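Asks: Here are the chains, one letter per residue:
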Amino acid sequence: MTMNLAAQINGVLAALILLTSFGLLASRRVYGLLHIFAWQGFFLSVSTAVVGYSAGLHHLYISAVLTLALKVFALPYILYVLIHKLKIRKEVEEMVNIPTTLLIGIALVIFSYHLTAPVRELSTLMTRSTLAVALATVMLGLLMMITRKKAITQIIGFLALENGLFFAATSATYGMPLVVELGVALDILIAAFIFGIFFFQIRTSFDSLDLKEMEKLKEED
Amino acid sequence: MKTFIPAIIEGLQVFIVLLAGPLLVGWVRVLKCWAQGRASAGVFQPYRDLSKLFVKDVVLAHNASWIFRSAPYVFFGSTLMAGAVIPIVTTGVPLSATADIIALVALFALGRFFIALAGMDIGTAFGGMGSSREMMVASLAEPALLMSVFTVSLVAGSTSLTHIVEAVTSGIVMLRPSLAFALLAFALIIIAETGRIPIDNPATHLELTMIHEAMILEYSGRHLALIEWAGMMKLFLYFALCTALFFPWGIAGAGSFTMAAWALGALALKLVVFGFLIVLVETPLAKMRIFRVPEFLGMAFLFATLGMLSFFILE
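Chains H and B, in that order, give the protein sequences. For the first sequence, the working numbering begins at 1 and goes up steadily by one. For the second sequence, the working numbering begins at 1 and goes up steadily by one.
FYI, nobody ran anything at the bench for these hints, they're computed from the structure. Quantities reported herein were computed from a predicted structural model and do not represent experimental measurements. Glycine included, every Cβ here is placed at the ideal spot set by N, Cα and C. Mixed in with the good hints there might be a few duds.
To be verified - Residues of chain H placed beyond 10 Å of chain B at every Cβ, according to the derived structure: (1) 11; (2) 12; (3) 15; (4) 29; (5) 98; (6) 109; (7) 133; (8) 162; (9) 192; (10) 205.
What the hints assert, rightly or not - What the simulated footprint calls covered on chain B by chain H, stretch by stretch (three residues with Cβ under 8 Å from a Cβ of chain H suffice, anywhere in the stretch; the number is not a length): (11) 111-125; (12) 289-303; (13) 307-315.
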């Protein structure tokens, strides 16, 4: 019964993670994005802990705590400081308007459900049904990177994509080995610092964080 | 004697729908007055308004056609018919078998269609504007409503409302994200369909912002009374539909009269809570720009679709 309950709780958390992914796509304000991203990290961390508890895998607790520290507090804080220092405009600028993006997002969820259906049939893990949500989170993060103009929103899309990968690892195989997870966590942290440095560089070179400006770097033919 | 019992139950249900609509609106107005620090006119003020309108004369425009004259009756009739179908106090409503949840949505759409026609019939600018806005809201709200309702039907395995109520009350309690999403979508749709803040302000007569009021601006006397009454019943019916789909605990099973008394009590309790929720939503919010409405309803559609998807993916 506890096994079943854990699966249900995990299902609810997966639904919440999916909801936050759509929230990232729908949000118009940069600070709002940071809050939603932090919530996604929180749900991810709780989900990892639930899976760790029900499967009896104690190394998942460590990655849950790591996720909590890194994705709920550290990364949003770093990004917040960056936004504050760079005095970025508060509105999100998009290439495709938001309702269309959301519709594409729904199509992506259906696609990833279809794609993971065979895995779902073969797997015996309790978390097998959340694999579709994990893949959808990856795709929605990718969609966000494609459809946003500003570097900062693309970075948040990238981090959401990484959340999706992490969730996929937990739901498909009860998590990667701890060494790998520690490495990935460190990578993400370092990446956030490098992004920060890059933002400053882009800003000083182009006076803007709009990546369209980078097209000027192309040689005329 | 036995053959009359279904007819009596049905009659009582229609009676409850007729009376509870104005009562709910009165309760919401009283709560709103309290929240804003005003003195209220009492819970029964909508009854007084209606009876005042019924004794007044009808003023008709010269070019009013039969559509304009019949629309209030169609609107009232279709709303009352919807009220006869939804299981409100007991699942043993005999007419419940005549229409499932899709037909119910169509009944609501029929009334709205005629009111929109009537809005354009006289040829005033406000009527036409109101009709076009109403249709814009309706065309976006209805797909979301159907999607949300389908999610519940998938969980319960039927589109018949009595079956849904029985399936949800007798089934094992499970954490269902799909129902949570569907409820979220349904809450947004209730706001849009019944013309509450932030979509439409039921108290406004400011020309530029009204939607529902703009369509019925030309009505007077008993016609206006019928439309207002039907509007109040509609709010009550959406509440009843919401409880039947998502919170059916307390609705009596077919043929048990002792349960029916409890069910009435549960209904009153749910109505009180519903009034509080409406006022809680309406008091801090302002009416949104009409061009933001598609986004609001797009959100409802998204929630409903996510509900349906999470039923397939996670359950």
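Asks: Next step is simple, just say for each hint if it's right about the structure.
Replies: Quick rundown of the hints versus the structure:
| no. | hint | result |
| --- | --- | --- |
| 1 | 11 | 4 Å, violated |
| 2 | 12 | 5 Å, violated |
| 3 | 15 | 3 Å, violated |
| 4 | 29 | 14 Å, holds |
| 5 | 98 | 7 Å, violated |
| 6 | 109 | 6 Å, violated |
| 7 | 133 | 6 Å, violated |
| 8 | 162 | 21 Å, holds |
| 9 | 192 | 29 Å, holds |
| 10 | 205 | 36 Å, holds |
| 11 | 111-125 | violated (count 0) |
| 12 | 289-303 | holds (count 5) |
| 13 | 307-315 | holds (count 6) |
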